[in-house]
Amino acid sequence: MYVADSRASTSAQGAVRSSAGRRRAALAPTVLALGTVSLVTDVSSEMVTAVLPLYLVTGLGLSPLGFGLLDGIYNGFSALVRLVGGHFADRGGGRHKWVAGLGYGISAVCKPLLLAAHALTPIGLVLAADRTGKGLRTAPRDALISLASTPETRGRAFGVHRAMDTAGALLGPLVAFLILRATVDGYDAVFTVSFCVAVLGVLVLVLFVPGGRGRAVPAERPTVRAALALLRGRDLRRITVCALLLGLATVSDSFVYLLLQRRLGVPDRWFALLPLGTAAAFLLLAVPLGRLADRVGRWAVFLAGHGALLVVYALLLTSWHGTGLPYLVLALHGCFYAATDGVLMAAASDSVPEGLRSSGLAVVQTGQALTRFACSLLFGAAWTLWGDRAALAGAAVALAACAAFSLTLRPKGTVPA
Amino acid sequence: MTVRTRVLILVSAVAVLAAVGLASVLHASARADRRNHTQAGGPGVTPGTVTLRRPGRLVFRNMAWGPHRDELTSVPASAPDAARTASGLKCLRFHAASGTGVCLQAVHGPVSDTYRALVLDARLRTVDRYDVPGIPSRARVSPTGHFAAWTAFVGGDSYAGTDFSTRAAIVDTRSGELIPSLEAFRIVRDGRPYRAADVNFWGVTFAADDRTFYATLATKGRTYLVRGDLRRRTVTTLHANVECPSLSPDGTRVAYKKRAAGLPKDAPWRLYVLDLRTMRETPLAEPRSVDDQAVWKDARTVVYALPGDYGADLHEVPADGSGRARRISSAAVSPAYLP
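If you read the sequences in order, they're chains A and B.
Be aware that the first sequence starts at 1, since it is given in my numbering, and climbs by one per residue.
Be aware that the second sequence starts at 418, since it is given in my numbering, and climbs by one per residue.
Quick caveat, the hints were computed from the structure, so don't treat them as lab data.
In this text the structure is predicted, and so the values were computed from the model without any measurement.
We put the CB at the ideal spot given by N, CA and C, even for glycine.
Do not take every clue at face value.
[What the hints assert, rightly or not] To give a feel for the contact side, a few chain A residues facing chain B, derived at Cβ under 8 Å:
#	residue
1	T30
2	T183
3	F208
Full structure from sequences and hints, please.
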């Protein structure tokens, strides 16, 4: 840390003072605007996510078993759409805002459509459209964040964005349940309010996020081939390989909560609160860990985050039954997200040229999402065949091996120069 | 565009959007008042005493609009459309036998609803209460009244997803001992022990011996009828494509909903009766998709709910595949016949 500090503070000022001074100067308004867009949009989408099960069962009288399978398919689909969004945002040099806006817009329009859909098939289609919107907007949005911040403050910029995003995700269900409380079967009100909030998010994006960066359109229009050629660059290739490998050893959240519940016999009524614990830790730690990543190197923080996940696995494998266990596990799990989610984007941004920023980030995100999906399938199979503890022990060994390998691959460009 | 213009646009948009949102919330909350007014032409409901020890009565959740909406009400089993006697006790799902009742209730909390199961005595007084992990869907009491079971949809098994699973619980109403999830039972499928992470149970129905029960087991996208043994804590698969079984009073047949081929995904079920000795399936004369756990009115007739103007109506159909279905009561759900 000392080395990083002394490099960051070029003047004779103390390291702490100088970094505090820079913070105010360097956080671009674009980042705050995009953070606001994400916060508002997440309030909107999590409102719907929170009440959808209730709506399907009590509102429409459906038996939504097997809906979970669709969910997994949508997520895979959304990851692929991300590549498309990333690519189109890069074409023409400054389309990030409009591709992201299209993505936010599609998701907004889906909310009132939910009111019109009364059977499982149309509801499935509306949700698929919603995910398409989410897939389209993610990469251009992250590209905008990275383009609007300086390389030295990118970790913090992503940290601020992810914290605002998570705050929205925590607020959404609260708003939804307050509306249901105030009404009788007020699902129509929830969807309408969700739509209004989503429109507000699009509006903030359109009004307050700068569009074209005034940059000249690159002589060569970015092509898909150019995007894939990015992987020939050593640093991005290494980052991607590490993200894929580590993704392959990242057990999905639902398994972590299930394991925790089995270990502790968490009463079922508290079970739904476990994800909130992770989200709260993510919210609190995203900014400090993002700043830390700017100072000591993104790769170090990214790997340390996976170290936190490894400790989660270890805690779930031990026979310790203390009352602190769930808090510790959820705090470390949130820490893992705070140290990896935005930090990976900040790290990847360093090794992607501006003209291909969106495509490059999309490649890393999609790869990571797909390997995590593969991990879920493998972990589920291992759980079925050998039981939960053996499956988790396998995942822990895999994670340790992948982390050790990633340590040796440490890309040069990810340490602040 | 200057910052001033943009802020102005934003502020006016916020005003419009807030008005639309507020209007929709007010509109939805105004429905509460309408629900408290009795609708013309609906069944008459008067408050009174409902007990579970009055033979020849039918007890169900009244869904007619008015002050007694969602309360348990009682009518003569022979005249299900007669005026209803309301108990004052609200339940989402209900079942009763031999003077024991089970009532699945929503508990309205400051932020979100939670659910609980009440075990009731014959005068509808609460004997025991248990947490229910999600939205309740099925409730059953054994013919002796010694056991009660319920099923709930459990969300939250995936982070911010729309993933579902079910959890079926059984309680001994005499000792209060709870089996929170049938997933703890040993599964025998096709004669061999079976384990999988994706096992779900729902729709328990009890035999009269206080030991045997039947239920749905779902795994790998298929559903099975299982016979359970409460003493040995095992379940054994008997038949495929069976959901929400309901055992006949003589214990020889099971009425259930089956996914029939070629039907739309949102209405895939038809009612069938399975003879447990010959394992022969008989389709019943109900042409619509039934998403309910039927009850046996007697040895020859099954009763079930279908969506109706006030949420749900009760219908009946002969259990041998003959005759035709007919509506017996409107604005009612979760019926229990008191023998």
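Hints, verified against the model:
no.: 1; hint: T30; result: violated, 14 Å
no.: 2; hint: T183; result: holds, 4 Å
no.: 3; hint: F208; result: holds, 7 Å
The structure fails hint 1 only (numbered hints given earlier).
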